[in-house]
Amino acid sequence: MHKLAMIARAAVRAGYGCYAWLALLAAVVPTCVLLALTPGVQRRRRVARAGARFFFLAIGSPVRVEGEPIGAHYPCVVVANHASYLDGIILTAALPAGFTYLIKQEMARVPVAGFILKRLGSAFVNREDVLDRKRIARRLVEAAVRGDALGFFPEGTFDTSPGLKPFQPGAFAAAVRAKLPVVPVIIYGARRKLPAKQVLPAPGPLRVRVCAPAFPDAHPTARALAHATRATMLENLDEPDLAPPAPLERGLPPAAAPREQQGHIPA
Numbered sequence: 001m002h003k004l005a006m007i008a009r010a011a012v013r014a015g016y017g018c019y020a021w022l023a024l025l026a027a028v029v030p031t032c033v034l035l036a037l038t039p040g041v042q043r044r045r046r047v048a049r050a051g052a053r054f055f056f057l058a059i060g061s062p063v064r065v066e067g068e069p070i071g072a073h074y075p076c077v078v079v080a081n082h083a084s085y086l087d088g089i090i091l092t093a094a095l096p097a098g099f100t101y102l103i104k105q106e107m108a109r110v111p112v113a114g115f116i117l118k119r120l121g122s123a124f125v126n127r128e129d130v131l132d133r134k135r136i137a138r139r140l141v142e143a144a145v146r147g148d149a150l151g152f153f154p155e156g157t158f159d160t161s162p163g164l165k166p167f168q169p170g171a172f173a174a175a176v177r178a179k180l181p182v183v184p185v186i187i188y189g190a191r192r193k194l195p196a197k198q199v200l201p202a203p204g205p206l207r208v209r210v211c212a213p214a215f216p217d218a219h220p221t222a223r224a225l226a227h228a229t230r231a232t233m234l235e236n237l238d239e240p241d242l243a244p245p246a247p248l249e250r251g252l253p254p255a256a257a258p259r260e261q262q263g264h265i266p267a
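Here the sequence shown is numbered in our numbering, starting from 1 and rising by one per residue.
A couple of the hints might just be wrong.
[What the hints assert, rightly or not] Below, a list of computed lysine to any residue pairs in the SDA-like style, where the Cα atoms sit at most 25 Å apart: (1) Lys104 / Gly114; (2) Lys197 / Ala108; (3) Lys118 / Arg139; (4) Lys165 / Thr232; (5) Lys197 / Pro162; (6) Lys104 / Leu25; (7) Lys165 / Ala224; (8) Lys134 / Arg146; (9) Lys118 / Ala143; (10) Lys197 / Pro240; (11) Lys104 / Ala36; (12) Lys104 / Pro244.
Simulated from the structure, these hints should not be mistaken for lab results.
All chains should be built: construct the whole structure from the sequences, respecting the hints.
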């Protein structure tokens, strides 16, 4: 009986996964057509938000949003944990339509996904190219200073290991220079629904928690702002901290700590 139950569960999961991919296709095709025809980035972002919401509703996992409304701190810099291929679509469905997202360069070459991201005005960065990272950082700072809302996955990537990885500094440097609040957002359920190295999505709920923001006035350096944001995310995320301990925490004397640990952020 136990073996039969396992086979039945596997069959249900496979059936659900195939249906989810069909639902994604049903959402993506009209969304792509509308994105190709719709003028204006903000209008196209509203189209993408509607398409993302339709997809999650169709697969029985509408994204439930908890916590403070983003609008109370808009414009802002949103940072979210990264655990699944679905995270970008989840944020698109959950957040207001006005966000510019930082995306790894490889996604620009992915068929369909690259087209959608380009039409939505996403910023692509080559993580291996220092000059490109600096160029994109300048562009995002300029956008933030203009009052644009920015969205980041500061871990940069995800894998099969649960936990919050070390943060890249770009989101927090942009927030400090533009004097925008950083709003931590926690995505729940995505790792279980479609983790790394898995093809078929699994049934299960999805929800997003919007946490209390961290303000540059209270945390005037990118390092301090990142530390405060990370602490909030770890309080609300039931996963371990995968960042290595800072030099001072390993027992090094203060003089041995890098300049950015002492409160100075490199340009």
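Cross-check of the supplied hints:
Of the supplied pair hints, the one linking Lys104 and Gly114 holds, its CA atoms being roughly 11 Å apart against a limit of 25 Å. At most 25 Å may separate the alpha-carbon atoms for a hinted pair to count; Lys197 and Ala108 meet this at roughly 20 Å. Proposed proximity of Lys118 and Arg139 is supported: the alpha carbons are some 15 Å apart, at most 25 Å. Pair hint Lys165 plus Thr232 holds up; C-alpha atoms about 14 Å apart against a cutoff of 25 Å.
Pair hint Lys197 plus Pro162 holds up; C-alpha atoms about 14 Å apart against a cutoff of 25 Å. Distance hint between Lys104 and Leu25 is fulfilled; the C-alpha atoms sit about 23 Å from each other, no more than 25 Å. Only pairs whose Cα atoms come within 25 Å are accepted, and Lys165 paired with Ala224 is accepted, the gap being roughly 17 Å. With a C-alpha separation of about 18 Å, the suggested pair Lys134 and Arg146 falls inside the 25 Å cut-off, and the hint holds.
For the suggested pair Lys118 and Ala143, the alpha carbons sit about 16 Å apart, so the restraint of at most 25 Å is met. With a CA separation close to 21 Å, the supplied pair Lys197 and Pro240 stays within the 25 Å bound. At most 25 Å may separate the alpha-carbon atoms for a hinted pair to count; Lys104 and Ala36 meet this at roughly 22 Å. Between Lys104 and Pro244 the alpha-carbon distance is near 23 Å, which keeps this suggested pair within the 25 Å criterion.
Comparing the model with each earlier hint shows no violations; every hint is respected.
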